[in-house]
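Q: Listed here are the chains, written in short residue letters.
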Amino acid sequence: MKRSDAWIRRGAALCLALGLMTTGASAMHIAEGYLPRTWAFGWMAVCVPFVAAGFFSIRRKVGRYPKAKMLLAMCGAFAFVLSALKIPSVSGSCSRPTGVGLGAILFGPTATTVLGLIVLLFQALLLTHGGITTLGANVFSMAIVGPFVSWGVYVLLKKAGCRPALAVFCAAALGDLMTYVTTSVELGVVYGNIGSYLAIFAVTQIPLAIAEGLLTVVVYNVLEKYSKAELQELSVL
Amino acid sequence: MKVWQKNAILLLLVVILAAAPLWLLPDAEFSGADGEAAELIEATVPGFEPWFEPVLEPASGEIESLLFALQAAVGSGVVCFILGRITARKSGQEG
Chain A
161 MKRSDAWIRR
171 GAALCLALGL
181 MTTGASAMHI
191 AEGYLPRTWA
201 FGWMAVCVPF
211 VAAGFFSIRR
221 KVGRYPKAKM
231 LLAMCGAFAF
241 VLSALKIPSV
251 SGSCSRPTGV
261 GLGAILFGPT
271 ATTVLGLIVL
281 LFQALLLTHG
291 GITTLGANVF
301 SMAIVGPFVS
311 WGVYVLLKKA
321 GCRPALAVFC
331 AAALGDLMTY
341 VTTSVELGVV
351 YGNIGSYLAI
361 FAVTQIPLAI
371 AEGLLTVVVY
381 NVLEKYSKAE
391 LQELSVL
Chain B
771 MKVWQKNAIL
781 LLLVVILAAA
791 PLWLLPDAEF
801 SGADGEAAEL
811 IEATVPGFEP
821 WFEPVLEPAS
831 GEIESLLFAL
841 QAAVGSGVVC
851 FILGRITARK
861 SGQEG
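In the order they appear, the protein sequences are chains A and B. Every number in the working numbering is 160 more than the matching position in the first sequence, counting from 1. Every number in the working numbering is 770 more than the matching position in the second sequence, counting from 1.
Hint data in this document are derived by calculation from the structure and do not stem from the laboratory. Hints are supplied without guarantee of correctness; some may be wrong.
Claimed, not checked - List time: in silico DSBU-like cross-link candidates among lysine-lysine, alpha-carbon distance up to 30 angstroms:
no.	chain 1	residue 1	chain 2	residue 2
1	A	Lys385	A	Lys318
2	A	Lys385	B	Lys772
3	B	Lys776	A	Lys318
4	A	Lys388	A	Lys227
Chain A with its partners taken away, still in its complex shape (with noise of 0.2 angstroms):
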């Protein structure tokens, strides 16, 4: 029994180093180089308080409650995945699913900015999208202003006694479609023309982040049956 515990162990370790370092690609993203120097580095900065803050949290939980690392794992993956769909959209482009919604219901926004942070990297460095240059303008967007949103809208909707199933849903598509506005005021404020960006991005969104919502729910739905300590131990429930 002790041997397989072991395992179990190791396993979650794999499967969160795998998470961590795999975490690819991503959704909205400002290509490399198209913010001046100025915004580039102004939006690093920003983003630096909050990734230190997503390291204390993840060490924090993870310590506290050492079984939350499988769940942690996941969140990362689940986020891999569905950054790495291109979905066709009304608007008649593609866009991706921001796949952070899960990660700030389960362990609050700042632990996802960490998560984010990790898929943004990756996707600059390997695949071109985004880039390292945009990185912070990136991150600003998809992994702290979408989690602070869908944690937000999930407190809320939780203490309004909303169900949970509902809760996570409008909090995980909000929190994406409010990722892709966020990338529309960041190029607006640069280049002047919001409402062209919005056009771009956010509407392009809408049907997506109502499949992140849709998504988010279904692996919800299993983590509510099979996880539900864990769940209460995070707090979620």
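Got chain A sorted already, so can you dock chain B onto it with the hints?
A: This is chain B only, laid out in the frame that chain A set:
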């Protein structure tokens, strides 16, 4: 309703959401939204040049789709592995 039934319905909805645009807009290009934003910047700022180039670029579109496929495969592998563990553990404890 059982969990798998609920989830099957939800997944069906996702497939419909993703497939509907292809039916509704047979003539659309379905290019990437991030590429369109880059074009818009180039259109608003005459002579725009990105000031930094990607460090590594996939050698071709094929390589890029390989990397994306790998990403999805690894990600869903980990998600399904962990969900499998979680569900098996529960029935193992109770059964």
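Q: Look at each hint and say if it fits the structure.
A: Hint-by-hint comparison with the structure:
no., hint, result
1, A:Lys385 to A:Lys318, "holds, 18 angstroms"
2, A:Lys385 to B:Lys772, "holds, 10 angstroms"
3, B:Lys776 to A:Lys318, "holds, 21 angstroms"
4, A:Lys388 to A:Lys227, "holds, 12 angstroms"
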